[in-house]
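Colleague: The chain contents come next:
2 protein chains.
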Amino acid sequence: MRGLMQDRPLDVATLMRRVERMFGHKRVITATTNGEMVTPWHQVVGRARRLAAALDLLDVPPRARVGTFGWNSQRHVELYLAVPTSGRILHTLNHRLHAAELTYIVNDAADDVLFVDRSLLPTVWPLIEQFPTVRHVVVMDDGGTEPLPDDPRVRDYEALLNEVPAPAPPVAVDENDAASLCYTSGTTGRPKGVLYSHRSIVLHALLLLGADSFAISERDVVLPIVPMFHVNAWGLPYASMLAGTDLVLPGPAMSPAALASQMSRHRVTFAAGVPAIWRGLLPLLPQTDLSALRMVVSGGSALPESLALAWHQATGVMITSSWGMTEASPLVACSRLATVHDGLGQEEQRALLGTPGPTVPLTEARLIDDSGDPVEHDGVTPGELQVAGPTIAAGYFGAEPGAAAFTDDGWLRTGDIATIDRYGYLRIVDRTKDLVKSGGEWISSVELENEIMAHPEVVEAAVIGIPDDRWGERPLACVLTTAGSDFDAAALRAHLTGRVASWWIPEQVWVLPEIPRTPTGKVSKLALRQLHASRQQ
Amino acid sequence: MRGLMQDRPLDVATLMRRVERMFGHKRVITATTNGEMVTPWHQVVGRARRLAAALDLLDVPPRARVGTFGWNSQRHVELYLAVPTSGRILHTLNHRLHAAELTYIVNDAADDVLFVDRSLLPTVWPLIEQFPTVRHVVVMDDGGTEPLPDDPRVRDYEALLNEVPAPAPPVAVDENDAASLCYTSGTTGRPKGVLYSHRSIVLHALLLLGADSFAISERDVVLPIVPMFHVNAWGLPYASMLAGTDLVLPGPAMSPAALASQMSRHRVTFAAGVPAIWRGLLPLLPQTDLSALRMVVSGGSALPESLALAWHQATGVMITSSWGMTEASPLVACSRLATVHDGLGQEEQRALLGTPGPTVPLTEARLIDDSGDPVEHDGVTPGELQVAGPTIAAGYFGAEPGAAAFTDDGWLRTGDIATIDRYGYLRIVDRTKDLVKSGGEWISSVELENEIMAHPEVVEAAVIGIPDDRWGERPLACVLTTAGSDFDAAALRAHLTGRVASWWIPEQVWVLPEIPRTPTGKVSKLALRQLHASRQQ
Numbered sequence: 001m002r003g004l005m006q007d008r009p010l011d012v013a014t015l016m017r018r019v020e021r022m023f024g025h026k027r028v029i030t031a032t033t034n035g036e037m038v039t040p041w042h043q044v045v046g047r048a049r050r051l052a053a054a055l056d057l058l059d060v061p062p063r064a065r066v067g068t069f070g071w072n073s074q075r076h077v078e079l080y081l082a083v084p085t086s087g088r089i090l091h092t093l094n095h096r097l098h099a100a101e102l103t104y105i106v107n108d109a110a111d112d113v114l115f116v117d118r119s120l121l122p123t124v125w126p127l128i129e130q131f132p133t134v135r136h137v138v139v140m141d142d143g144g145t146e147p148l149p150d151d152p153r154v155r156d157y158e159a160l161l162n163e164v165p166a167p168a169p170p171v172a173v174d175e176n177d178a179a180s181l182c183y184t185s186g187t188t189g190r191p192k193g194v195l196y197s198h199r200s201i202v203l204h205a206l207l208l209l210g211a212d213s214f215a216i217s218e219r220d221v222v223l224p225i226v227p228m229f230h231v232n233a234w235g236l237p238y239a240s241m242l243a244g245t246d247l248v249l250p251g252p253a254m255s256p257a258a259l260a261s262q263m264s265r266h267r268v269t270f271a272a273g274v275p276a277i278w279r280g281l282l283p284l285l286p287q288t289d290l291s292a293l294r295m296v297v298s299g300g301s302a303l304p305e306s307l308a309l310a311w312h313q314a315t316g317v318m319i320t321s322s323w324g325m326t327e328a329s330p331l332v333a334c335s336r337l338a339t340v341h342d343g344l345g346q347e348e349q350r351a352l353l354g355t356p357g358p359t360v361p362l363t364e365a366r367l368i369d370d371s372g373d374p375v376e377h378d379g380v381t382p383g384e385l386q387v388a389g390p391t392i393a394a395g396y397f398g399a400e401p402g403a404a405a406f407t408d409d410g411w412l413r414t415g416d417i418a419t420i421d422r423y424g425y426l427r428i429v430d431r432t433k434d435l436v437k438s439g440g441e442w443i444s445s446v447e448l449e450n451e452i453m454a455h456p457e458v459v460e461a462a463v464i465g466i467p468d469d470r471w472g473e474r475p476l477a478c479v480l481t482t483a484g485s486d487f488d489a490a491a492l493r494a495h496l497t498g499r500v501a502s503w504w505i506p507e508q509v510w511v512l513p514e515i516p517r518t519p520t521g522k523v524s525k526l527a528l529r530q531l532h533a534s535r536q537q
Numbered sequence: 001m002r003g004l005m006q007d008r009p010l011d012v013a014t015l016m017r018r019v020e021r022m023f024g025h026k027r028v029i030t031a032t033t034n035g036e037m038v039t040p041w042h043q044v045v046g047r048a049r050r051l052a053a054a055l056d057l058l059d060v061p062p063r064a065r066v067g068t069f070g071w072n073s074q075r076h077v078e079l080y081l082a083v084p085t086s087g088r089i090l091h092t093l094n095h096r097l098h099a100a101e102l103t104y105i106v107n108d109a110a111d112d113v114l115f116v117d118r119s120l121l122p123t124v125w126p127l128i129e130q131f132p133t134v135r136h137v138v139v140m141d142d143g144g145t146e147p148l149p150d151d152p153r154v155r156d157y158e159a160l161l162n163e164v165p166a167p168a169p170p171v172a173v174d175e176n177d178a179a180s181l182c183y184t185s186g187t188t189g190r191p192k193g194v195l196y197s198h199r200s201i202v203l204h205a206l207l208l209l210g211a212d213s214f215a216i217s218e219r220d221v222v223l224p225i226v227p228m229f230h231v232n233a234w235g236l237p238y239a240s241m242l243a244g245t246d247l248v249l250p251g252p253a254m255s256p257a258a259l260a261s262q263m264s265r266h267r268v269t270f271a272a273g274v275p276a277i278w279r280g281l282l283p284l285l286p287q288t289d290l291s292a293l294r295m296v297v298s299g300g301s302a303l304p305e306s307l308a309l310a311w312h313q314a315t316g317v318m319i320t321s322s323w324g325m326t327e328a329s330p331l332v333a334c335s336r337l338a339t340v341h342d343g344l345g346q347e348e349q350r351a352l353l354g355t356p357g358p359t360v361p362l363t364e365a366r367l368i369d370d371s372g373d374p375v376e377h378d379g380v381t382p383g384e385l386q387v388a389g390p391t392i393a394a395g396y397f398g399a400e401p402g403a404a405a406f407t408d409d410g411w412l413r414t415g416d417i418a419t420i421d422r423y424g425y426l427r428i429v430d431r432t433k434d435l436v437k438s439g440g441e442w443i444s445s446v447e448l449e450n451e452i453m454a455h456p457e458v459v460e461a462a463v464i465g466i467p468d469d470r471w472g473e474r475p476l477a478c479v480l481t482t483a484g485s486d487f488d489a490a491a492l493r494a495h496l497t498g499r500v501a502s503w504w505i506p507e508q509v510w511v512l513p514e515i516p517r518t519p520t521g522k523v524s525k526l527a528l529r530q531l532h533a534s535r536q537q
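Protein chains in written order, with UniProt numbering: chain A, 1 to 537; chain B, 1 to 537.
It is worth saying that the hints were derived from the structure and are not from the lab. Treat the hints with care, since some could be wrong.
Computed footprint of chain A on chain B; a stretch qualifies when at least three of its residues, placed anywhere within it, have a C-beta under 8 Å from a C-beta of chain A [claimed, not checked]:
#1 11-24
#2 166-179
#3 523-532
To spell it out: a stretch of chain A is covered by chain B in this simulated footprint if at least three of its residues, at any positions, have a beta carbon under 8 Å from a beta carbon of chain B; those stretches are [to be verified]:
#4 14-23
#5 99-108
#6 170-179
#7 214-226
#8 336-345
#9 358-370
#10 419-428
Now the in silico label distances, taken between C-beta atoms and shown as ranges [unchecked claim]:
#11 B:S291 / A:L526: 54 to 64 Å
#12 A:R422 / B:R529: 53 to 63 Å
#13 A:G46 / B:V511: 52 to 62 Å
#14 B:D369 / A:Q313: 53 to 63 Å
#15 B:P40 / A:A490: 44 to 54 Å
#16 B:E129 / A:H341: 54 to 64 Å
#17 B:Q313 / A:R517: 31 to 41 Å
#18 A:E36 / B:G472: 54 to 64 Å
Glycine is no exception: its CB is placed at the ideal position from the N, C-alpha and C atoms.
In isolation and in its complexed conformation, chain A is listed as follows:
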């Protein structure tokens, strides 16, 4: 017997109608090269409805992929709305990828049209002949000075909106229809496309409003520093629509000074980004008014304790860790202090907030050992972390079902080794492939990195396994130090003694001028391994 409730889809159009009708007076604020664009939400939605009509004008078919190369901007928000609500699929692209990866991804997605910020044209246009499916390139003039190519495929965004006779009427969708597409960063193998549904986007937005996750409310001023090409900017634009917040967008102005100025001038209450962003802002904190700030969410890679401490001391705000994946919309877990943690000291509280924490509602986690058996959630025993839920991927775009990333019973294999305690708090022990196996025993590179980063002269640390004749593998510590430091292997040994097992302590330390990163800002252990291999030759 079915329940007798209204059959209303969980779709992006619901979010759009809500922000238009109830929060039309709230604002989207975008930094531009010549100032700031401030637009009430009702106008943003009105423009999105015209944009949907423009896609009709360009004969973009239903379900076609609409690619975007854009900074975090109002026009990008308009695309977030217009593309899915008109029955097409929003495909956000990371302009920091290499040409070969971009070409692969655009062709794998078979993008029909690309929307490109003018300042990013130099990245995109030279590749255009490699994109046979792309029929139109719509340029969003963000104040860039790049000349526009004289080519019939090129259109101007604002001119196109002006050509439209009327806003497009709404298109009915099924909540399981695809709404957007984002590719994994592909640290191993080819990038893979994750195809979000309207349903997963709406459920994820609801989760971000939860008191124990991000608690996004109408009173918030939300700043997604995480790029809008990266997993729907962690879902924050959609959550902002649902809650009715002001939304502050940095545009191309990603310098620490520009971000600090935005945060202070607009009295930002909630900001989200990767640890490198928080590290970059650190020197500016003493002279920046962040009195409105209530929550800073860090994700994408592990949050060093030293960074969390420095932020806490400078602002009074403890940075909150979140943990997710492109395949998980992305939020899987978000840390917080629960009643069982009452009585912890500030240092322990900060450490706890630096772990992934408990899974969000609707998402379930389990640990599986090498034999495929479940591992107890005792906070000690590690296993491969697997996750399930309605906001988690079941497969990859264009791939055959049954990919190795999914178990037979449909859980996502995260590729991470974790522990879970009896209260559901996750701790990531390591990436499966980043464990160092020495003398037949595993060394956790993540734990080792955290301990090394506790040294006052170490800014950042990355540990990789290097071949060793006697032990199979030994850990190599790659570090970035503070200016003038004479940190070396002896200093490391002195620091780590008593903190980790003695056989974990790396014999070798490399002090590097810079830690190599992937295009999404994560430490590239692949590049470190290549560097090590090249130095051995």
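We have chain A; now place chain B onto it with these hints.
Modeller: This is chain B only, laid out in the frame that chain A set:
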């Protein structure tokens, strides 16, 4: 093209697994006649799994209705879990209804088994021969002293759980399957059954976690004073499972003294009930420690401003209004202070929190005039309030589709006249049938009641329309006054002059020893009209 996300149902089993795995150490606390029962959630879930097996033992078929006559108690929570997760339908019954109504409802639902608190047996057992579909009566011993009937249909709850050889394995459900059933109080016509789905229950629980609705978090201690027979106790038990709160249940101990004691001893942070509850608690507030209380939600009928003021003065907590319907799971709207209300004084803030406020996410509201045309959301123009969303009913149990309560395009007609302002804030002007039409113009009985209740000697007021030869109808004020008051029509006229249009002021005032109520605690205007008619004879 479908999104490639996991096909995981939004079902009650998801809530049950979450509270068991992550919040098993948190507690369900039930007041009983001989003390208090305190049980960790993991045991409650374990018992619910045994209860599901007991339903198998009793041969309760899939999709059968399992009726409950119970106070707010741990066993009732076990039924909330076991019945829907085992593929049956939980049917909560209001034991305060008259025998004829109960008989109608049990037979309309065709309940297969009834679970009855021992103290409620005197209400239920005398009717048992009128319930031909009921095969079993399972008695939950709540310390009542009523003798158990010597009848093969009668079973003891605890004995039944002990008979079960093993907990029941989970039963897969579709998220649109029916999970529970609750009948409207039927102020007009027959009571009608609303059939909630697993999906609507989970979405509604998620909504209650939202920062701008009830913001239920793991740190909360939740006290649903609203009965568990009334629209799933406003969804609070399910929200508590999702968030992992302690859940405090008053059992049969519904006296103000017992409630105050529970709130203070367990440091309740969140409590919800009807205005009559808050009025009853008022005299006890000065000697009750409510320092943990962060939110009090009032619903079911309009919150008098004088009551809100008294609570605010005594506790520092401003009572929050919520507005809902049995047909709406029930929450439609929940008031709060938005950024546009910054700068309001405390009195204005309290008044605003006393209105229904904005709709919760996923629920949409519109106003329709007599001609069926939409009315502008200008905060002034009234229209019939209609609502839509995935937690709103599409029809009634056992009824033909196309009931008068639903529009052709599938919206629920609430039967209330409301205004909506440009920020989405609802104000209820009147029940459609409670408007007084005098001299061809409408008088809002709700507004008039609120103004009358602002008089210091008026405890409660209800206005009905009475026939009038000259004007068609005139308002009659029925009031309950403070002890010793000599409040009369002249006092009313003096009080209302300047507050409402002069032609709104009732010529007649009835000072009653008691305001008649419906079984769910609402003022019964039907009874007042009958009283008026009988006095005219």
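Colleague: Just to be sure I understand the hint, the distance between the Cβ atoms of G46 of chain A and V511 of chain B should be within 52 to 62 Å; is that true here?
Modeller: Holds - the Cβ-Cβ distance for G46 of chain A and V511 of chain B, about 56 Å, lies within 52 to 62 Å.
Colleague: How does the coverage statement for the region 99-108 of chain A fare against chain B, requiring three or more residues with Cβ below 8 Å from a Cβ of that chain?
Modeller: Three-residue rule not met by the region 99-108 of chain A, so violated; n is 0.
Colleague: Using a Cβ cutoff of 8 Å, are there at least 3 residues of the region 419-428 of chain A near chain B, or does the coverage claim fail?
Modeller: holds (count 3)
Colleague: State whether the coverage of the region 14-23 of chain A by chain B holds or is violated, taking the criterion as 3 or more residues with Cβ-Cβ distances under 8 Å.
Modeller: holds (count 6)
Colleague: Starting from the hint 54 to 64 Å, judge whether the C-beta atoms of S291 of chain B and L526 of chain A obey it.
Modeller: The hint (54 to 64 Å, Cβ to Cβ) holds, given that S291 of chain B and L526 of chain A are roughly 55 Å apart.
Colleague: Under a C-beta cut-off of less than 8 Å, do 3 or more residues of the region 523-532 of chain B approach chain A closely enough to confirm the stated coverage?
Modeller: Since three or more residues must qualify, the claim that chain A covers the region 523-532 of chain B is violated, with 0 doing so at under 8 Å.
Colleague: Indicate whether the distance between the beta carbons of Q313 of chain B and R517 of chain A respects the range 31 to 41 Å.
Modeller: violated, 58 Å
Colleague: For the pair E129 of chain B and H341 of chain A, does the Cβ-Cβ distance stay inside 54 to 64 Å?
Modeller: Since E129 of chain B and H341 of chain A have Cβ atoms about 56 Å apart, the given range 54 to 64 Å holds.
Colleague: In this structure, is the beta-carbon distance linking R422 of chain A and R529 of chain B contained in 53 to 63 Å?
Modeller: holds, 59 Å
Colleague: Okay, the region 358-370 of chain A and chain B, do three or more residues pass the C-beta test at under 8 Å?
Modeller: holds (count 5)
Colleague: Looking only at beta-carbon atoms, does the pair D369 of chain B, Q313 of chain A fall within the given range of 53 to 63 Å?
Modeller: Holds, since D369 of chain B and Q313 of chain A (Cβ atoms, about 60 Å apart) stay within the stated range.
Colleague: In this structure, is the beta-carbon distance linking E36 of chain A and G472 of chain B contained in 54 to 64 Å?
Modeller: holds, 59 Å
Violation of the numbered hints given earlier is confined to hints 3, 5 and 17; the remaining hints are satisfied by the structure.
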